[in-house]
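Please model the entire structure based on the sequences and the hints provided.
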Amino acid sequence: MTKKDTAKKTVAKLKKNKHYRPAGKKREGNAARYMTRSQAIKQLQVNLSVFRKLCILKGVFPREPKKKVKGNNQTYYHVKDIAFIQHDPLLEKLREQRAYQKKIHKALAKKNEDLATRLRTREPSYTLDRLIRERYPKFVDALRDLDDCLSMVHLFAALPAVERLKINVERVHSCRRLSHEWQAYVARCHKLRKVFVSVKGIYYQAEVEGQKITWLAPHAMQQVLPDDVNFSVMLTFVEFYETLLGFVNFRLYHSISVKYPPILDPRLEALAAGLFYLYALTRYMNGNTKRISEEQESGSTKPEHTRGQLEGAQFEESELRLSQLQHQLPSNEDRALMHLIEEDDDNDDDEDTKKCKKLFKNMKFYLSREVPRESLLFVIPAFGGVVSWEGDAAPFTEADQSITHQIVDRPSQGHMYLSREYIQPQWIYDCINFGVILEAHRYLVGRVPPPHLSPFVDNEAEGYFPDYAETIKRFEAAAKNEVLPMPGVGKDDLDDPQLLLAEGYLSRTEAIEVAERKKERATSEKQYLEDLKQEVQGHPDATASIAVEGAQVEEESSRPHLEQVAEDTDGTALMMMSRRNRGLFKAMKIAKDKKKAKVEKLKQRKKQIAEST
Amino acid sequence: MGVSIPPKEADRLKNIVDENGGSSDEFDSEGEASEGSEVSEVATEEDGGSSGDEDASTSDGSGLVDDEDENEGSEEGADANGSSSDDEKASASVDDGLESGEGSGDSDSERSEVAEESDSSEDEVAPRNTIGDVPLEWYKDEQHIGYDIKGKKITKKERQDKLDSFLASVDDSKNWRKIYDDYNDEDVELTKAEAKMISRLLNGKAPHADFDPYAPYVDWFKWDDAIHPLSNAPEPKRRFIPSKWEAKKVVKYVRAIRKGLIKFEKPKEEPRFYMLWGDDSGAADKTNHLSYIPAPKPKLPGHEESYNPSLEYIPTQEEINSYQLMYEEDRPKFIPKRFTSMRSIPAYEDAVKDSFERCLDLYLCPRVRKKRINIDPESLKPKLPSRKDLKPYPSTCYMEYIGHKGPVVSISTEFSGEWIASGSTDGTVRIWEVESGRCRKVWEFDEAVQYVAWNPMPEFPILAISVGQDAYLLNTGLGNEETQRKVGELLHVEAAKVSDDSS
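Protein chains in written order, with UniProt numbering: chain G, 1 to 613; chain F, 1 to 503.
Calculated from the structure, these hints are not laboratory results. Check each hint, because a few of them may be wrong.
What the hints assert, rightly or not - Heads up, incomplete: computed chain G residues facing chain F, CB under 7 angstroms, no partners named:
1. Ile56
2. Tyr203
3. Glu207
4. Pro226
5. Val233
6. Leu453
7. Asn581
8. Ile609
What the hints assert, rightly or not - Listed below are the simulated PhoX-like cross-link pairs for lysine-lysine, each with C-alpha atoms no more than 20 angstroms apart in a straight line:
9. Lys212/G / Lys354/G
10. Lys110/G / Lys249/F
11. Lys370/F / Lys68/G
12. Lys388/F / Lys526/G
13. Lys178/F / Lys156/F
14. Lys371/F / Lys388/F
15. Lys533/G / Lys388/F
16. Lys601/G / Lys353/F
17. Lys174/F / Lys162/F
18. Lys111/G / Lys249/F
19. Lys191/G / Lys58/G
20. Lys354/G / Lys480/G
21. Lys66/G / Lys371/F
22. Lys67/G / Lys53/G
23. Lys592/G / Lys178/F
24. Lys200/G / Lys248/F
25. Lys480/G / Lys358/G
26. Lys388/F / Lys370/F
We put the beta carbon where it would ideally sit given N, CA and C, even for glycine.
So, in structure tokens, the structure goes:
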């Protein structure tokens, strides 16, 4: 009996005959439930690369059995997972493809070019939609897993097409398109929450249907293609992710009643080939939804005119023509319905979205040549701003008097308009992360901007507040017109900071530390008093007063030993714990100490820097 | 190499052959050796007179070729130096042999002429050296490089030292044209024409500038006005009837088209994307599969990953150096850097690698659902009673028992609690009254006392001690007379035995 047969039997056993056991073999528990990778490959009768592809597409991952029957350095798959792959039509399709490739090879070897080309036109292909539905039965599931998908698609959109690595142009273009479509949706619906410019790229966080989706878009630079990377694995992932993102986009676009894939104005399409696909998309989306509502309101093309003036005469006629077409359409009810939906949509927005929508309202931005345009074209409209740029097809020029902010990233600016602020791009990102419009003076041209902080860090949990975070907090509080209590001090002793400052502590942080120490002391005293009280209640006889006195005397004498006492109790407590808990406790303590050491290091460095300057 | 013969020379050779009455109407450049030799003989006789001045021009080698009337001289020089392939040399030497066998003139000039004309493919001077095609290493350690035609040794030239040769080469402007011929042990200077020829060869062109490789094809065959056909065979039948096999093929194609195997119109493209998740309410949770464990999301970046972090996040140079000493696992993966403006951020070189590693994690790492405990570690500790609840207990020194000189190693309390016995390393055993601290009795021994113990029975207040190797039972003298008597009896009667046993 071959191994494959036994494996099959095992599967069968699990399914039908629970008590069947091959003669002379006792296979149950982990031995029957898990199989190693090589066993799995043998059972599926595929080679390793196909198995890898199947695993990636089906989302099958190894598992960790409690008891590793075949040894520790093996990868174990669940028998059910492998059976799951085995019954997938995809496996058969891949085999078919392989056979077909052989046919083509044969034709080529016989110098039958004709046949080969004819065969090539009808190559069998597979679709992944079924797999996506299987892996993500609900839309929310797909959104939950979208992080890796978006990061990967954005990365591939920035990669060069290299034939040697089989990264072909179509793939790169489709990744680019998909990523822009996603960004257009996020911008249109104001779903973007946080942006963080890191060395690795730009992190974006959006909140779609209650799911926080974070992705990383690399900087717009030539990417390095290392040699020690297996691109076939990555390409398989990208293949799946592309399809997934396509379906997700479809669903999202439909939710705001925009056709997908978007059909762009042919003129815009020409532009869309380049950098402005995103812009064209947003325009398309806005146009599609806004136009209807606007027309409903005014019943004329007036708003179109004003907008057209703003955005340059180039698009004016097409807009006009379209709006006229819209006007001629008899489906008034439909439009009314759309209008209602639009209204509903506006009301439906949650608190965050409303806030995000309004952040850059009534602001007009102009981007210089050197700023990261793609990112800003995505981010600024997402927060309600109007944006233009230097170059082709810009909606308005630099000379426009209504521009409020010009974003520049150069050492010095030659000609300056007095009516606007000249700021560095970091200002935009910081405003978004803190949720307020910050003062521009720290971000002016030629200055070194203040540190850019990560919006993903919970400073309080981390235990360390960078200076700038504190400054911003103060600023926010001042904006809200409320007095911010010192961190670590209760609200009831609000006067404490002044007191502490009066005591001559120079820096705020030091003052906080002293306050903490004081607080500690206060709590220990309180504890002591409580203990005393208990004792008094426990011995209400005549000797009580003496006992109390004695205790006090004793307490005073043992003050210096307090630390010793604490250590002793800790030691005994540790001894009394179960072994498991003790291990856990120690691990937790190590983690805590590490964190503390990190914070200490930061503080120490800060001190050094302060001293050196 | 296939050297093309200049037309002039070819003509001349032809003439020679014709004069000789030879039958060959076509000049064969790759002619056989015997034929070649025949030709050469004729040539020797014919051109005996003119060979003298030719030889003069070739032997010195460096003679100005441009001044010469005849083209041959330059050709000879070129081939002698430029292309001394082994075959040519070999064939030349064979010719020499033939020549000497016949015993003709044997002069140098004649020989050179022979060499020139003997083999049409090589127009070269026979080498001075006659060793033939043997490895030159054989003569490496010898004083001579070989033998000349008369069998005399040709001695090696004196080697110039490096410095001299270098200086000479620097002085000589024509140095780049000089080549050392180690077969003949002489320096050969190429002429300008030769250098040009070499450069043309290096460029992949024909050596002679006037040779046209793309000359228009001349069709010598007369196609028209021929009376007879080329072939007299009758036209075959297959030229008149339709082909069976073609018909079969057509049928095959027709069938394939009918079956739909061959389609002419392109398959209609269906929209790739559609509403996949139409109605989520229908998608029930029930699946027969195992529970899906979602991969943990990648860690979100902290302040230190910013392009412009606060200064305190950037490690000092010493710290960065100290990372080198760490184990590779402990080494931080990411070292924060600071850029003062967004325009100066470079591309992140590990972007693809990071992404690839994430891919590997996703499909290669075993996934296990683990509960993450998020509690205060202090809550794990068991609740201990507070010290105050354990009161009363003595907390100050109440009594001191003074008397021992050395450290006390053992104490024991008497049954009633009235007395304490203590044994010390100074060799004394003392009995103390607990209440007052008075020392009631002292025994002294030679060695340190190791252990003291009271008899637990109240009627016999006896103390047992161990000192060195011995154990003693001591009558403490406590209790009333009755008990004293009993103890006395007990110890007295058993004294001898006990001491015997103990020792």
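Ascending list of hint numbers which this structure does not respect: Violated hints: 3, 14, 16, 19, 22, 23, 24, 26; rest satisfied.
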